[in-house]
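Residue numbers (our numbering), protein chains in the order written: chain A, 1 to 101; chain B, 1 to 309; chain C, 1 to 166.
Simulated from the structure, these hints should not be mistaken for laboratory data. Please read these numbers as outputs of a predicted model, since none were measured by experiment. Take the hints with a grain of salt, since some may be wrong.
Stretch by stretch, here's where chain C covers chain A in the computed footprint (C-beta under 8 angstroms, at least three residues) [stated by the list, open to error]:
| no. | segment |
| --- | --- |
| 1 | 9-21 |
| 2 | 32-46 |
| 3 | 55-67 |
In silico lysine to any residue, SDA-like type, Cα no more than 25 angstroms apart, as pairs [as the list claims (entries may be wrong)]:
| no. | chain 1 | residue 1 | chain 2 | residue 2 |
| --- | --- | --- | --- | --- |
| 4 | B | K277 | C | I66 |
| 5 | B | K277 | C | V69 |
| 6 | C | K136 | A | V52 |
| 7 | B | K277 | C | T159 |
| 8 | C | K136 | A | S53 |
| 9 | B | K277 | C | L157 |
| 10 | C | K136 | A | V72 |
| 11 | C | K136 | A | S55 |
| 12 | B | K277 | C | K136 |
Computed Cβ-Cβ distance ranges for the label pairs, DEER-style [as the list claims (entries may be wrong)]:
| no. | chain 1 | residue 1 | chain 2 | residue 2 | range |
| --- | --- | --- | --- | --- | --- |
| 13 | C | G80 | B | R52 | 43 to 53 angstroms |
| 14 | C | E130 | B | V8 | 47 to 57 angstroms |
| 15 | C | S144 | A | T2 | 51 to 61 angstroms |
| 16 | B | V5 | A | S88 | 56 to 66 angstroms |
| 17 | B | T58 | C | A8 | 32 to 42 angstroms |
| 18 | C | R91 | B | M122 | 37 to 47 angstroms |
| 19 | B | R52 | A | S88 | 48 to 58 angstroms |
| 20 | B | G307 | A | T2 | 46 to 56 angstroms |
| 21 | B | T58 | C | V4 | 33 to 43 angstroms |
| 22 | C | G107 | B | P13 | 47 to 57 angstroms |
| 23 | B | G10 | C | V4 | 36 to 46 angstroms |
The C-beta atom is built at its ideal place from N, Cα and C for all residues, glycine as well.
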Amino acid sequence: MTLQLFLLLASALFSVGLFGALSQQSIVMVMMGLELMVNAAIVAAAAFWAFVSPSQPDGQVLVLVVITAMTVEMAMGFAVAIAIFRASDVDMTDLAAELKQ
Amino acid sequence: MSVTVWPVWGVLPVALAVLAFAVTAAILDSAAAPSGSRRLAATVFETARLLRQPRRSTPAPDALLWRIGTAGPLMVALLMAVVVPFGNGVLSNLNVGIVWFNAMDVLLWALWWLAGWGPNSMVALVGAYRFLAQALAYELPLMFALTAPAVAAASLDVTDVVAAQHHQWFIVQMPVATLVFLGSVVAYSVWGPMSHPVAADLAGGMLAEPTGIDRLVALAGRYALLAVGAAMAVALFLGGGSGPWFPAWAWSAFKTLLILAILVGVRRRVPVIRAEKFMTVAWTVVLPLILLQVLVVAILAARDASGVM
Amino acid sequence: MELVIFLAMAVLAVSSGIAVFVVDSMARATFALAVSFIAVGVELILLDMGYLGIITILMMVMEMAIMVVFMIMLMMNPGGLMPMSMFHNTRGSWLISLGTFAVLATGSLLIPWPVREGEPPADLTRALGEAIMGSKMLVMIAVSAVLFATMVSALVLSTSRGRYDS
Numbered sequence: 001m002t003l004q005l006f007l008l009l010a011s012a013l014f015s016v017g018l019f020g021a022l023s024q025q026s027i028v029m030v031m032m033g034l035e036l037m038v039n040a041a042i043v044a045a046a047a048f049w050a051f052v053s054p055s056q057p058d059g060q061v062l063v064l065v066v067i068t069a070m071t072v073e074m075a076m077g078f079a080v081a082i083a084i085f086r087a088s089d090v091d092m093t094d095l096a097a098e099l100k101q
Numbered sequence: 001m002s003v004t005v006w007p008v009w010g011v012l013p014v015a016l017a018v019l020a021f022a023v024t025a026a027i028l029d030s031a032a033a034p035s036g037s038r039r040l041a042a043t044v045f046e047t048a049r050l051l052r053q054p055r056r057s058t059p060a061p062d063a064l065l066w067r068i069g070t071a072g073p074l075m076v077a078l079l080m081a082v083v084v085p086f087g088n089g090v091l092s093n094l095n096v097g098i099v100w101f102n103a104m105d106v107l108l109w110a111l112w113w114l115a116g117w118g119p120n121s122m123v124a125l126v127g128a129y130r131f132l133a134q135a136l137a138y139e140l141p142l143m144f145a146l147t148a149p150a151v152a153a154a155s156l157d158v159t160d161v162v163a164a165q166h167h168q169w170f171i172v173q174m175p176v177a178t179l180v181f182l183g184s185v186v187a188y189s190v191w192g193p194m195s196h197p198v199a200a201d202l203a204g205g206m207l208a209e210p211t212g213i214d215r216l217v218a219l220a221g222r223y224a225l226l227a228v229g230a231a232m233a234v235a236l237f238l239g240g241g242s243g244p245w246f247p248a249w250a251w252s253a254f255k256t257l258l259i260l261a262i263l264v265g266v267r268r269r270v271p272v273i274r275a276e277k278f279m280t281v282a283w284t285v286v287l288p289l290i291l292l293q294v295l296v297v298a299i300l301a302a303r304d305a306s307g308v309m
Numbered sequence: 001m002e003l004v005i006f007l008a009m010a011v012l013a014v015s016s017g018i019a020v021f022v023v024d025s026m027a028r029a030t031f032a033l034a035v036s037f038i039a040v041g042v043e044l045i046l047l048d049m050g051y052l053g054i055i056t057i058l059m060m061v062m063e064m065a066i067m068v069v070f071m072i073m074l075m076m077n078p079g080g081l082m083p084m085s086m087f088h089n090t091r092g093s094w095l096i097s098l099g100t101f102a103v104l105a106t107g108s109l110l111i112p113w114p115v116r117e118g119e120p121p122a123d124l125t126r127a128l129g130e131a132i133m134g135s136k137m138l139v140m141i142a143v144s145a146v147l148f149a150t151m152v153s154a155l156v157l158s159t160s161r162g163r164y165d166s
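Build out the structure end to end from the sequences listed, making use of the hints.
And the structure:
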C-alpha cells in the first residue's frame, strides 16, 4: 500500500473518467465522466496526505473541499441540462450550441 | 460504567437479536389491528404463507437491482446494529459510530429506489420517486438530530454518548432532536404516517410486486429498521442501559420495546402524510426548529465545558 | 491483508467505472458509479481516514440516488431494454485517455515523491474538526458562500418560470 499504488489507481480512474467525458453524447453521461475524474482527485489527495504530510490537516480539508466541489458541479450540471432540455427539447451536447445566445 | 466490545463472532447473536425484535414489532403491529381473528398469530401465518408462495415476476424486470432493493433494508438494519450499544456492550465502538449510522440510513435512499425500479412496474416506480421526495425532506433534520447528542457528548462514538448521559438523559435537553430522530426512523422505514410510497392509492407502491421470499425479506427489513432505530434512540437520548435495580441489558430491552411499541402503534393512529406536503413542513418548520435545538445544545455544552475549567 | 483489500477495492473501483459507460441500462450505470465511489470510500478507510471514508460513501450514495432520477428523466434508454451506443469520437477519446493514463502512471511511478514527514495525529477526526473550525475557517466560509450561490442559481435555472423575468 504505497503512494505509487494509490496514484496508479487515481490515474486509472482519471483516464476512465476522461474517456467518458470526451466520448459521450449525452450531457448526463459526460457528467458521470466528470464525477469519475473528481473521484480520482479524492483518492490522490487522500494518498498524498497519508503518505507525505500526515501531521498537517490540509490534506483532509482538501478532500472535503473536493467533495463539495463535486456536489456543486453536479447540481449546476443538472440545472443546465434541465434548462437546455426546456429550451430546445434535446439533451445532446452536439446540439447545445444554441445556449450561447 | 465501562463498555465491553463484543468479539467478532458476536455478529451472529446480534443479527438474531435484531430479527427477534423485528418479529416482536410484527406481532405488536398485528395485535394493534382492528378486531379480527388470529391477531397475535398473524405473523406466524403470514411468514408461512410467504415462504410457500411461488415467486411471481413482471415482464422484463431488472432482477439484479430488484433483489438488491428488496433484500437491502434488512441488510442495512443489520449494519446499523453494529454500532448500537445494548446494555453494557456493543459490537463495535467505532469512533465515528454516529456517522456510520447516518451513512447506513442514506443507503436506504438507493435501496428503496431500486426496489421501486427493479420490477419494471409503474406503481413501484412512482412509489420510489415518492420515497426520494420524502427522503429529501427528512434527511437534513435527521442529520442535525444526530449532531445534537454528538455535540452534547463531545464525541461521535455512540458509547461515549451513552456514557455522557449518566447524569441526565439527553431527552431532557434535546426533546426536539428526539422527536425528529424518531420521526426520521418512521420515515426511512416507510412506515405509518410516512408510508406514502407504499400507500393504498398506489396499490402498495414498492411493496406491490414482490412476492414470496422477496416480500418476506422486504417486510422483515421494515420491522428490523424500526427495531434498530428504536434501539439507537434509546442509546442516543434515553441513557442506554441506565436504570435502578435491574441489569443494564434488561433496561435496554425494556426501553427499546417501549419505543418500538410507540413507533409501531403510530401507524394506526396518524394518517398518511403526502410526500410533497411533508417536504414543505420539513424544510420550513422542522429544519429551523432542529437548528435552534442544536444551537441550544451547543450553548449548554460550551457552558458545561467552561464550567468544568 | 490490507494490501489484498486495497487491490480488491482498486479493481472494483476501476471496473465499475468502466461499467458506467458499457452497460445499456441507465439505472445500472448510475449504481455502477455508486459502487465505484463506495470502493474509493473503503480505500479512504484503509488509510485510517475513517470519517472522510464514511462521509464519501454517504454523500456519493445520496448523490447517485438523485442523479438516477435525472438519468431516467433525460436519457433515451433508461431500462436498457434496447442495446444502443451513444458515443461520438470514440477512437479519439480512446487515444487521449490511454495517453493520459500512460503519462500519469509513468509520472506516479518515476517521480521521486517526498519522504513522509511527521506522524498522523492520534484522533484524525478531532484534528480535522479543529482544522475546519480553526485554521481553515475562512476556507469553509468561502465554501458556504459557493454552496449558497449554487443553490440559488440551480433553482433559478430549473424553475419552470424560466430565468427571465417575464
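Evaluated hints:
Only residues whose C-beta sits within less than 8 angstroms of a C-beta in chain C count toward coverage, and the segment 9-21 of chain A has 12 of them, enough to reach three; the restraint holds. Evaluation of the coverage hint for the segment 32-46 of chain A: fulfilled, as 8 residues show C-beta separations to chain C shorter than 8 angstroms, against a requirement of three. Given as covered by chain C, the segment 55-67 of chain A passes the check, having 10 residues with a CB less than 8 angstroms from a CB of that chain where 3 are the minimum. Restraint check for K277 of chain B and I66 of chain C: satisfied, since their Cα atoms lie roughly 19 angstroms apart, inside the 25 angstroms limit.
A C-alpha spacing of about 20 angstroms is found between K277 of chain B and V69 of chain C, which places the hinted pair at or below 25 angstroms, so the restraint holds. The suggested pairing of K136 of chain C with V52 of chain A holds, with an alpha-carbon distance near 20 angstroms, which does not exceed 25 angstroms. This hinted pair checks out: K277 of chain B and T159 of chain C have alpha carbons roughly 19 angstroms apart, not beyond 25 angstroms. Taking the CA atoms of K136 of chain C and S53 of chain A, the gap is about 17 angstroms. The hint holds against a cut of 25 angstroms.
Annotation: proposed proximity of K277 of chain B to L157 of chain C holds, straight-line Cα distance about 23 angstroms (limit 25 angstroms). A threshold of 25 angstroms between alpha carbons decides the hint, and for K136 of chain C with V72 of chain A the separation of about 20 angstroms falls inside it, so the pair holds. Simply put, K136 of chain C and S55 of chain A have alpha-carbon atoms about 15 angstroms apart, close enough for the 25 angstroms limit, and the pair holds. For the given pair, K277 of chain B sits about 39 angstroms from K136 of chain C by alpha-carbon distance, which is inconsistent with the 25 angstroms threshold.
Restraint check, G80 of chain C to R52 of chain B: a C-beta distance of roughly 33 angstroms breaks the suggested window 43 to 53 angstroms. The beta-carbon spacing between E130 of chain C and V8 of chain B, approximately 33 angstroms, falls outside the hinted interval of 47 to 57 angstroms. At about 36 angstroms, the CB distance of S144 of chain C to T2 of chain A disagrees with the hint of 51 to 61 angstroms. Restraint check, V5 of chain B to S88 of chain A: a C-beta distance of roughly 60 angstroms satisfies the suggested window 56 to 66 angstroms.
Checked against the hint of 32 to 42 angstroms, the C-beta distance between T58 of chain B and A8 of chain C comes to roughly 34 angstroms, which is consistent with it. Against the hinted window of 37 to 47 angstroms, the Cβ-Cβ separation of R91 of chain C and M122 of chain B comes to about 41 angstroms, which satisfies the hint. Separated by about 55 angstroms at the C-beta atoms, R52 of chain B and S88 of chain A satisfy the suggested range of 48 to 58 angstroms. For the hinted restraint 46 to 56 angstroms between G307 of chain B and T2 of chain A, the CB-CB distance of approximately 48 angstroms keeps it satisfied.
Between T58 of chain B and V4 of chain C, the C-beta spacing of about 40 angstroms keeps the proposed range 33 to 43 angstroms intact. In this structure the supplied range 47 to 57 angstroms holds for G107 of chain C paired with P13 of chain B, their Cβ-Cβ distance being about 51 angstroms. Between G10 of chain B and V4 of chain C the beta carbon distance is about 24 angstroms. The supplied range of 36 to 46 angstroms is therefore violated.
In summary, the numbered hints that this structure violates are 12, 13, 14, 15, 23.
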